[in-house]
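Could you build the full structure based on these sequences and the hints that come with them?
Quick mapping for you: the protein sequence lines, in order, are chains A and B. Sequential numbering of the first sequence, starting at 486, is according to this note's numbering. Sequential numbering of the second sequence, starting at 486, is according to this note's numbering.
No lab work stands behind these hints, which were simulated from the structure alone. A portion of the hints provided could be inaccurate.
Just so you know, same-sequence chains aren't split out, so a pair can sit in one copy or run between any two.
Using 25 Å as the maximum straight-line C-alpha spacing, the simulated SDA-like pairs for lysine to any residue come out as follows [unchecked claim]:
no., residue 1, residue 2
1, 928, 724
2, 773, 695
3, 773, 691
4, 749, 857
5, 758, 841
6, 758, 835
7, 773, 837
8, 758, 842
9, 749, 596
There are 2 protein chains.
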Amino acid sequence: MNPYEYIDANCQDFVEELKALLRIPSISTLSEHAGDIRRAAEWLRAHLKTIGMTRVEIFETPGYPIVYAEWLQAGDDSPTVLIYGHYDVQPADDAGNMWQSDPFEPVVRGGNLFARGATDDKGQVFTQIKAVQSLLETGSLNVNIKFIIEGEEEIGSSSIYPFIDEHADLLSADVVVVSDTSIQSLDQPSIVYGLRGITFLEIEVQGPAHDLHSGMYGGLVHNPAQALVEILAQMHDAEGHITVPGFYDRVVALDEAERAELTKTPFTLERLKRETGVSAPWGEPGYKPHERIGVRPTLEINGLVSGWTGEGGKTVLPAKALAKISCRLVPEQDPVEIDRLITDYVNTITPDTVTAEVRPMNRGGWAVMNLNSAYMQAAVRAYEFGFGARPIFMREGGSIPVVVSFQDVLKAPVIMLGFGLPDDNLHGPNEKYSLECFERGMKTAVKFCQEIASL
Amino acid sequence: MNPYEYIDANCQDFVEELKALLRIPSISTLSEHAGDIRRAAEWLRAHLKTIGMTRVEIFETPGYPIVYAEWLQAGDDSPTVLIYGHYDVQPADDAGNMWQSDPFEPVVRGGNLFARGATDDKGQVFTQIKAVQSLLETGSLNVNIKFIIEGEEEIGSSSIYPFIDEHADLLSADVVVVSDTSIQSLDQPSIVYGLRGITFLEIEVQGPAHDLHSGMYGGLVHNPAQALVEILAQMHDAEGHITVPGFYDRVVALDEAERAELTKTPFTLERLKRETGVSAPWGEPGYKPHERIGVRPTLEINGLVSGWTGEGGKTVLPAKALAKISCRLVPEQDPVEIDRLITDYVNTITPDTVTAEVRPMNRGGWAVMNLNSAYMQAAVRAYEFGFGARPIFMREGGSIPVVVSFQDVLKAPVIMLGFGLPDDNLHGPNEKYSLECFERGMKTAVKFCQEIASL
Numbered sequence: 486m487n488p489y490e491y492i493d494a495n496c497q498d499f500v501e502e503l504k505a506l507l508r509i510p511s512i513s514t515l516s517e518h519a520g521d522i523r524r525a526a527e528w529l530r531a532h533l534k535t536i537g538m539t540r541v542e543i544f545e546t547p548g549y550p551i552v553y554a555e556w557l558q559a560g561d562d563s564p565t566v567l568i569y570g571h572y573d574v575q576p577a578d579d580a581g582n583m584w585q586s587d588p589f590e591p592v593v594r595g596g597n598l599f600a601r602g603a604t605d606d607k608g609q610v611f612t613q614i615k616a617v618q619s620l621l622e623t624g625s626l627n628v629n630i631k632f633i634i635e636g637e638e639e640i641g642s643s644s645i646y647p648f649i650d651e652h653a654d655l656l657s658a659d660v661v662v663v664s665d666t667s668i669q670s671l672d673q674p675s676i677v678y679g680l681r682g683i684t685f686l687e688i689e690v691q692g693p694a695h696d697l698h699s700g701m702y703g704g705l706v707h708n709p710a711q712a713l714v715e716i717l718a719q720m721h722d723a724e725g726h727i728t729v730p731g732f733y734d735r736v737v738a739l740d741e742a743e744r745a746e747l748t749k750t751p752f753t754l755e756r757l758k759r760e761t762g763v764s765a766p767w768g769e770p771g772y773k774p775h776e777r778i779g780v781r782p783t784l785e786i787n788g789l790v791s792g793w794t795g796e797g798g799k800t801v802l803p804a805k806a807l808a809k810i811s812c813r814l815v816p817e818q819d820p821v822e823i824d825r826l827i828t829d830y831v832n833t834i835t836p837d838t839v840t841a842e843v844r845p846m847n848r849g850g851w852a853v854m855n856l857n858s859a860y861m862q863a864a865v866r867a868y869e870f871g872f873g874a875r876p877i878f879m880r881e882g883g884s885i886p887v888v889v890s891f892q893d894v895l896k897a898p899v900i901m902l903g904f905g906l907p908d909d910n911l912h913g914p915n916e917k918y919s920l921e922c923f924e925r926g927m928k929t930a931v932k933f934c935q936e937i938a939s940l
Numbered sequence: 486m487n488p489y490e491y492i493d494a495n496c497q498d499f500v501e502e503l504k505a506l507l508r509i510p511s512i513s514t515l516s517e518h519a520g521d522i523r524r525a526a527e528w529l530r531a532h533l534k535t536i537g538m539t540r541v542e543i544f545e546t547p548g549y550p551i552v553y554a555e556w557l558q559a560g561d562d563s564p565t566v567l568i569y570g571h572y573d574v575q576p577a578d579d580a581g582n583m584w585q586s587d588p589f590e591p592v593v594r595g596g597n598l599f600a601r602g603a604t605d606d607k608g609q610v611f612t613q614i615k616a617v618q619s620l621l622e623t624g625s626l627n628v629n630i631k632f633i634i635e636g637e638e639e640i641g642s643s644s645i646y647p648f649i650d651e652h653a654d655l656l657s658a659d660v661v662v663v664s665d666t667s668i669q670s671l672d673q674p675s676i677v678y679g680l681r682g683i684t685f686l687e688i689e690v691q692g693p694a695h696d697l698h699s700g701m702y703g704g705l706v707h708n709p710a711q712a713l714v715e716i717l718a719q720m721h722d723a724e725g726h727i728t729v730p731g732f733y734d735r736v737v738a739l740d741e742a743e744r745a746e747l748t749k750t751p752f753t754l755e756r757l758k759r760e761t762g763v764s765a766p767w768g769e770p771g772y773k774p775h776e777r778i779g780v781r782p783t784l785e786i787n788g789l790v791s792g793w794t795g796e797g798g799k800t801v802l803p804a805k806a807l808a809k810i811s812c813r814l815v816p817e818q819d820p821v822e823i824d825r826l827i828t829d830y831v832n833t834i835t836p837d838t839v840t841a842e843v844r845p846m847n848r849g850g851w852a853v854m855n856l857n858s859a860y861m862q863a864a865v866r867a868y869e870f871g872f873g874a875r876p877i878f879m880r881e882g883g884s885i886p887v888v889v890s891f892q893d894v895l896k897a898p899v900i901m902l903g904f905g906l907p908d909d910n911l912h913g914p915n916e917k918y919s920l921e922c923f924e925r926g927m928k929t930a931v932k933f934c935q936e937i938a939s940l
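See the structure below:
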């Protein structure tokens, strides 16, 4: 039996195994789920042993544990593939009753597996694990394999950076594979070769020392919610350009060749509507839709809260108002510098009658990969095999800052071997993973290892 | 024993009785407290029977019950005083851990009784009840008394307006007394002769159909939180004037005589700091602090919520963003017209890439009373007796829309016989009622009845 036949024979069982992992609500943002985080790490340790990894270890960190596993029996002359993933997931709060089923009770509907983490990233990292298992079980594994699976990706990956620095030998590899992105469609695979960086900040405006009666003080005491919305409104101009001074200074303009390549990224209004429900796109004039996402930076409000947010009314003049914002960054923007520019700007435009505090929370760099490396070309052939079509190259709007760390510390090229679909709704309600992607993904990952072995 | 001696002899017991009422968390805004609302109404019914009211009745309404009580044995030739109050309270959410004691476990500290509702309005309506009891127990009550105590004041009083219309005969009175405002200080009593109107609205901006990943769609899909802050920011100019077209059209300018009278309202920056913690006032240029509160309209943000508001970060592009706003209105503004102006303006400035809905929630008119009526002058003498100083006349920033209904339907003058203090922190944490105000208030209320009897 070859590994592809093994996948065909066992795919149903693999789905059931994945469901068990998805049932663990390992939400890293909410500290009350710390126990679930650990359960997910322990589940992976046990599972990686089961499939035949020769060393499996949980490394403690100041934050959540990192799961490491290796199988090095291909020998020193064979290349080593380091596979990265994360087992933590986004919260699944359901204020709008949008989830059609319990986010932590996975169900298959219409060929899709629905659960929080189905595609981001438990389902995708599990695709890699099952590919390795299929190679091992059929005696076909001719490369060395290392796994590093962390539990803090959704909260800034703060523990993995020092871990990579301190364990550069343990993690040393010829190529790093990350399965945490999407392809264009089942018929049109794609390889992400650019990721935006990110910085996440809180802006808190403080007015009076405590909530006041809006009748007794309204008009005389500056309302911090009003001050906050006026500060935030000054961060974009009427066309959607970011107005923080210096924000665009380091942004590199695309050359025409790259613009032309990126134009292959399909975009239709119909698809945007289907995926998001909006009737029209928005964004910077002069940039095509995929450019707005892939090569232009953003400044987004991710959360807003002030005063009375419950049922009905409370005529309060709030003591404080909080915004959570994040910027997606592109070459050559520096997250630390962007934090400083935003902080300076907020301080400049905050009126004297309130105080504003800007709190940088976490950040990560952007990455752009070499399209012509042997590993990238191996990935192209693997997708052609797994999905039956030559992949296009894309820039992705999301951020996977650990990619930068792998490149810089391990000096290894990173290949984004993503198997999600654009409508997988990661971070939103009804997150899903296509079972077709799961199966094709396993075969693509197997093929990638075989291509690497014969380089 | 005269009623004043009776008050002195029983004041401690009265405080204990009031504590029992304050222990009931009758929060009208939160539907889960519906049972507590009913408990508070039942408590009042029982208590009003105990003090000797001859008819006590709970009237059901489509919302929360209205407690009615009467004692009419002064006879047809004697004047009738209708005393209004409310037994519902604001929420006591304590996000900032500001409450020094449980809001529903009243405690006395430093001569003040701390609890939600201590001053607004359980403590003040209880002051009136105990004044009537003191008159009854000492055989000194020479006017007819009616009480109407509602449970929806903090959520717009929607049931009491039709109730007043339908029960105009039952409620008929020569004068209506409302104890739900503050005096300037223990040494400087004051009578509120003007109240601002109010309208409370929600503005909800809808973007995508569900929350999106801010990396995958940020820059391409209009963020409704950003759209909302830009809409809200366009509601004031840089100086704090409201920019909703037509908003000020009906606002009456004060004549110089009234401006001069109002100038007697003391204001010091030191006091503002002490009461609110802010280091500087804010507001419309060209208006004195008490004018900004008393005679100028406002548009305030009372609540804001969008996206991820929990611990840490979630890089979401939210589906919707909600603001709760309210306007305080002055003569001759019309709340219904203001709702329409705001709705029209929001519709005008909302970009096509999102949708905005303006939902008027509740509203009430402003009121200005005749300073020269015999009843107002009786109130002046009552305060002089109770507090030892001649009261000044003030315009209040808050809203008690039912006052307008009493004036219009019952054709009776309304006298604001308030006993709160400016730092009572109603609607905020650590709400209190001064026990000195409680005692002086009872004596002032007794004196007012005696003055009315001899008109």
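Violated constraints from the hint list, given by number and in increasing order: 1 and 9
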